[in-house]
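Listed below are the residues making up each chain.
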Amino acid sequence: MPLRFLVPAFLLGLAALAIPVLVHLTRKQKARVVDFPSLMFLERVPFRAESRRRIHHWLLLLFRTLAVALVVAAFARPFLHREDLAAGTGAGPREVVILVDRSYSMGVGNRWEQALEAARAAVRELGPLDRASVVFFARSASVAVRSDTDQGRLLAALDTVGLSHESTAYGPGLKLAQTILEETELPGRALVLVGDFQRAGWTGDEGIRLPAGTEVTPVVLASEARPNRAVAGVSLSREKVAGRDRITPSARLTRTGGDGEEAAEIVLEVEGRELQRVPVTLPASGAASVTFEPFNLSRPHTGGAIRFADSDDLAPDDVHHFVLSPGRAIPVLVLDEGGRNAASSLFITEALAISEEGSFDVAVRAGGGITTSLLDGVSVVVVNDRPLGGGGAAGALRTYVEGGGGLLVVLGERIRWPQELADLLPGVVGGIVDRADASGARLGHLDYEHPVFEIFRGPRTGDFTRARFFRSRNLQVADSAAGRVLARFDDGSVALAEKQVGKGRVLAWTSTMDAFWNDLPRQAVFLPFLHQVVRYASGRTEHQAVFTAGQILDLSDAAAMATVGLGGAEGAPDVHQERVAVTPSGRSLVLASGQGPRFLHLEEPGVYEVRPAGSADERHMAVAVNVDLGEADLAPLDPEEVVASMLARSGEVPAQRGDGGARAGRLRLEDQERRQALWRVLLATAFVLLAAETLLSNRISRIPGRSGFHAGS
Amino acid sequence: MASVSSSARAGAQLLLPEVLARIDNLELLARTVVEGFLNGLHRSIYLGLSLDFAEHRPYMPGDDIRRMDWRLFGRTDRHYIKLFEAETNANFVVLLDVSRSMAYGSHAVTKLDYARYLAACLTYFARRQRDRVGIITFDDDVVERVPPSARNLDLCLHTLHRAEAGRPGELGRPLLKATESLRRKGILALISDFYEDAESVLSAVRLLQGPGHDVMVFHLLDPAELELPFEGVSDFRDMESGERIPVVPAKVREGYRVLLAAHTAELRDRFTAAGVDYALLDTSGPLDQALFRFLLHREKRSRVR
Numbered sequence: 031m032p033l034r035f036l037v038p039a040f041l042l043g044l045a046a047l048a049i050p051v052l053v054h055l056t057r058k059q060k061a062r063v064v065d066f067p068s069l070m071f072l073e074r075v076p077f078r079a080e081s082r083r084r085i086h087h088w089l090l091l092l093f094r095t096l097a098v099a100l101v102v103a104a105f106a107r108p109f110l111h112r113e114d115l116a117a118g119t120g121a122g123p124r125e126v127v128i129l130v131d132r133s134y135s136m137g138v139g140n141r142w143e144q145a146l147e148a149a150r151a152a153v154r155e156l157g158p159l160d161r162a163s164v165v166f167f168a169r170s171a172s173v174a175v176r177s178d179t180d181q182g183r184l185l186a187a188l189d190t191v192g193l194s195h196e197s198t199a200y201g202p203g204l205k206l207a208q209t210i211l212e213e214t215e216l217p218g219r220a221l222v223l224v225g226d227f228q229r230a231g232w233t234g235d236e237g238i239r240l241p242a243g244t245e246v247t248p249v250v251l252a253s254e255a256r257p258n259r260a261v262a263g264v265s266l267s268r269e270k271v272a273g274r275d276r277i278t279p280s281a282r283l284t285r286t287g288g289d290g291e292e293a294a295e296i297v298l299e300v301e302g303r304e305l306q307r308v309p310v311t312l313p314a315s316g317a318a319s320v321t322f323e324p325f326n327l328s329r330p331h332t333g334g335a336i337r338f339a340d341s342d343d344l345a346p347d348d349v350h351h352f353v354l355s356p357g358r359a360i361p362v363l364v365l366d367e368g369g370r371n372a373a374s375s376l377f378i379t380e381a382l383a384i385s386e387e388g389s390f391d392v393a394v395r396a397g398g399g400i401t402t403s404l405l406d407g408v409s410v411v412v413v414n415d416r417p418l419g420g421g422g423a424a425g426a427l428r429t430y431v432e433g434g435g436g437l438l439v440v441l442g443e444r445i446r447w448p449q450e451l452a453d454l455l456p457g458v459v460g461g462i463v464d465r466a467d468a469s470g471a472r473l474g475h476l477d478y479e480h481p482v483f484e485i486f487r488g489p490r491t492g493d494f495t496r497a498r499f500f501r502s503r504n505l506q507v508a509d510s511a512a513g514r515v516l517a518r519f520d521d522g523s524v525a526l527a528e529k530q531v532g533k534g535r536v537l538a539w540t541s542t543m544d545a546f547w548n549d550l551p552r553q554a555v556f557l558p559f560l561h562q563v564v565r566y567a568s569g570r571t572e573h574q575a576v577f578t579a580g581q582i583l584d585l586s587d588a589a590a591m592a593t594v595g596l597g598g599a600e601g602a603p604d605v606h607q608e609r610v611a612v613t614p615s616g617r618s619l620v621l622a623s624g625q626g627p628r629f630l631h632l633e634e635p636g637v638y639e640v641r642p643a644g645s646a647d648e649r650h651m652a653v654a655v656n657v658d659l660g661e662a663d664l665a666p667l668d669p670e671e672v673v674a675s676m677l678a679r680s681g682e683v684p685a686q687r688g689d690g691g692a693r694a695g696r697l698r699l700e701d702q703e704r705r706q707a708l709w710r711v712l713l714a715t716a717f718v719l720l721a722a723e724t725l726l727s728n729r730i731s732r733i734p735g736r737s738g739f740h741a742g743s
Numbered sequence: 002m003a004s005v006s007s008s009a010r011a012g013a014q015l016l017l018p019e020v021l022a023r024i025d026n027l028e029l030l031a032r033t034v035v036e037g038f039l040n041g042l043h044r045s046i047y048l049g050l051s052l053d054f055a056e057h058r059p060y061m062p063g064d065d066i067r068r069m070d071w072r073l074f075g076r077t078d079r080h081y082i083k084l085f086e087a088e089t090n091a092n093f094v095v096l097l098d099v100s101r102s103m104a105y106g107s108h109a110v111t112k113l114d115y116a117r118y119l120a121a122c123l124t125y126f127a128r129r130q131r132d133r134v135g136i137i138t139f140d141d142d143v144v145e146r147v148p149p150s151a152r153n154l155d156l157c158l159h160t161l162h163r164a165e166a167g168r169p170g171e172l173g174r175p176l177l178k179a180t181e182s183l184r185r186k187g188i189l190a191l192i193s194d195f196y197e198d199a200e201s202v203l204s205a206v207r208l209l210q211g212p213g214h215d216v217m218v219f220h221l222l223d224p225a226e227l228e229l230p231f232e233g234v235s236d237f238r239d240m241e242s243g244e245r246i247p248v249v250p251a252k253v254r255e256g257y258r259v260l261l262a263a264h265t266a267e268l269r270d271r272f273t274a275a276g277v278d279y280a281l282l283d284t285s286g287p288l289d290q291a292l293f294r295f296l297l298h299r300e301k302r303s304r305v306r
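Chains H and G, in that order, are what the protein sequence lines are.
Letter by letter, the first sequence follows residues 31 to 743 of the working numbering.
Letter by letter, the second sequence follows residues 2 to 306 of the working numbering.
Careful: at least some of the hints might be erroneous.
Unchecked claim - Short, incomplete list of chain G residues facing chain H, as computed with Cβ under 10 Å: (1) Arg67; (2) Glu226; (3) Glu244; (4) Arg294.
Think of the hints as simulated: they come from the structure by calculation, not from any bench.
For every residue, glycine included, the Cβ atom is placed at its ideal position computed from N, Cα and C.
Isolated chain G, as found in the complex:
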């Protein structure tokens, strides 16, 4: 796996959120990211999962030679790869937190922007896998819901495009509603900043696991949230509650980092224990880490089957 991630760094420039912020069309963005990302991989790990032959295509370096059609090579003296129709047996739903705190960004890209790109890429990726794709946005309630469908890619992307951070957020109630609306098993990607106690978060995620969904959790945090780099005396105002407290950043920085690290560590541990794939993403970093997570998770799932 290490070789995969190191080789993928070559195309990482394309995945930088600042670069992506210049692309207004989410579909184009997702396609660019996903195709670019995949082209950089040396080994195709997901094609050929189906048994239905689809077509041949010329061999390209990096293709799995196990998929080479040797018979055709014997006849034509050329290398061809056999392509198969993928199965469309999974639902992929993105659960996107659009609470007020997601509007925060200390650089060009807010957390919501980053979440939007990520959701678009994952949705596009899943659609390439022939999965049915859907999306649910929520804050303290479900805001918009696009049921999973093979035809709903555009609708999902459009919903993402419109998503705006508004009200204060909460995980319990909207995720309960989402669980109730998703009756068929599928893959759920939960994207949020998780500003709640680990216990509350876990209890909400367990609701999702109840019907048998595979849950991936993407924890987005801005670099400023991670480092608290502020200087000078300031009044810090909670973006959701509006509460203000005077803060001397230099004084509280260390304590803040410790508390935040403890929070993420607890989330990681408890998610892992609960069988939930957890990824902490810095919104200033490229998207490749998230995509790798998704690929790994997808592969793991296919192997289980």
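Okay, chain H solo, but in the shape it has when bound:
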């Protein structure tokens, strides 16, 4: 095994060996000069000074020169050349990707430990010239170490990453592995896939195409489907009682697998304190629901959880976290004619009164004038088929709308829309269209892109076609810039149109909202439809209830925060103020002030609290984070399906580069040097020598009459 150097040019630095000697011999010039009257006696003294041109301390000189030589040699990267390694082994070095599943289902039993041990075994089986990459994946994938031959570094990387709280998705991890394998120049390729192979993480259309010849080794850690319980969903119905919000939580519980019924206890926790404990019996492969006694909600951003009293193997899905704030109901004022037509608003008021979260605060005013004071504090005014009347009603309504108020005008037979307010409506109101002779009109076109109808976009989310309209008002929307038609009848006439006026919105419904002109109020879709119309008119947005672990929040984006229910009317978090996010595990993350995004990575399930920096008590906002329940299904997947899917598609032969052989040869030398890492030993020895030299030099200089003048070289 001859000693070779990877960078022999550095050996020129051996010329530095002369430095210690030269420095010592020339240091004479720096001696202290003493003026003395005459040297006639000093010159006659037999011992005056020893010549600096003699070297007196050979040991010091040896230390110094040896230290310099070792440093130079270390930079030249020495290694013991082994021909057998350079010649390669068999098919040559391989590029190995070790893909480790770190989704939270890997926390079942000791799967995670087994996965790490399997990955370590894969590292230890690497050949001397093999390179390996360690990739962890869950919902997303990340490379811990890329194409490294150092087994120590690879093993260390395995110890640095823990389980995540994300669900499994094989696509990103396999895509990353495919990229690494495609980019390698080594002749061999191998993929070691370590995980529990959940069916939930595999869609089948990931589109993975591993290079031809790739050797795939699945390491399956799930032997069979295990029973698992989960809190599948939580409903928090809300009602107003004496001005306070009363919350009635209920939870849906699921159980996959298992034999026979299983008794369990469900616990309701609010702000970390257990409020109630309810027993429940779960059937095998079934579901159950449980409803708790209502509790009063007083302070905003109240965090809570519903969990199983005792966790099973897969604990993260046994709990559901939530955050509640006292509801801010939308004040709605319904103006109708009263009298004998008082029932005309019945469907409106009843529909708005039914709300899980008490979203609407409805008041009805029958008859009477419309004044500014009447509209004060109201978010949405429903003019339910009545004349507006005089006495400044028109002015008050215009001021209200332009100031940001929402207006829903129900155009029935009794509406008398004043001419001075004609520009408020999205079109010109015409006469009554009577379809009583036929079977009535139906809603033929709905603008599903619009927020009002967006929730009805999917199948079985609301059937408008069943409603029949016997009469309607003609509304001519001439200018598309002035008004936007949201719904049309099947004869093309306008059913619902909107117009932006100042800061407010005006929606015109061309039929009535009682069961007289149409039967829409009798349909199931009427309630969500009316909620959507009123909520849209008010300008409020629907809030996202909970977040899933792994999602990222940008706290600086006020609009985005408002859509997820954070900020909004309370005001978005001030981007100019530094904030602190406290994770469920108690860690504090500082979200610096200033421009630019302020990302909060919601890694853990639980309640994240965000408050201004330096404030211990004020909880500015709270975010509930739960794990993706898709992971709760522990049903395994046949690994062969995955392997076959990846290899069956790969018919391409990876391009062999022309200089691949030479490049591999160079790599072998580098790899040998890297694996031996003799430079570390040399540097360490040099430091030891320098330390010994310092000690020795200091000791010599302290001896009387044995100063550095004589010492050393």
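Once you have looked at the hints, place chain G on chain H.
Frame of chain H; chain G shown alone:
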């Protein structure tokens, strides 16, 4: 003599070179030193050398009672001392070495400063004796010369004040020139550090003795020259030649002291043998030793006469 020197220690504080270095005026300095020194003496050993009566003055303790005027005491019942005019029959010339090596000083006073004070005191002292005073400064040649005269005290002091150490020194040539310029016999005070071989020094001093001068030699050395107290490795540079040699003081100290002691001992012996009064002075010590030497020498001379 021992009693004299011990009693003079009382005023020695005034004679310390560090104290004198604060007095800028050489005449004032000389007067202060000399008068102070004399006041401390119990016995006046030099007044009354003349036979010409000058005046009376009241008796003071320490005065020689042989000089008391008993007749006047009989008339006035008071003690008076008779004072006589001193003779002015001697030349006193200071030969001051102002070579470069005299500029050395390891403390507040250099050798040249010390030599300056000493020369000023001696000159002032001599002038009080009514001697004619003069001065010659030299390095490797005569630098300045003030011929001896009864009126030249100020000029001598002024020359001393201006004296600066400059060039490398040598004794032979300047002393030969001095000898040639001093034709009348007198007292010569040679002040130098004598960094030459004893033989060279003696041959130069013998030149001075040739015309019959009384020669006093004051050998000045700094304490650092006597002890070589330096520590650490140093390059020692000759102040006159500029030559440098590396020296480890701790190593050479003993050898140096031995050589220096041998040098001074040889000088002392050979000067004594040649009838030259030799005094080795440490520049950190008071001036009284030098003044005593001078007094002794002066007395000896007067007795010879």
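Hints numbered earlier in the text: which of these fail when held up against the supplied structure? 1 and 4
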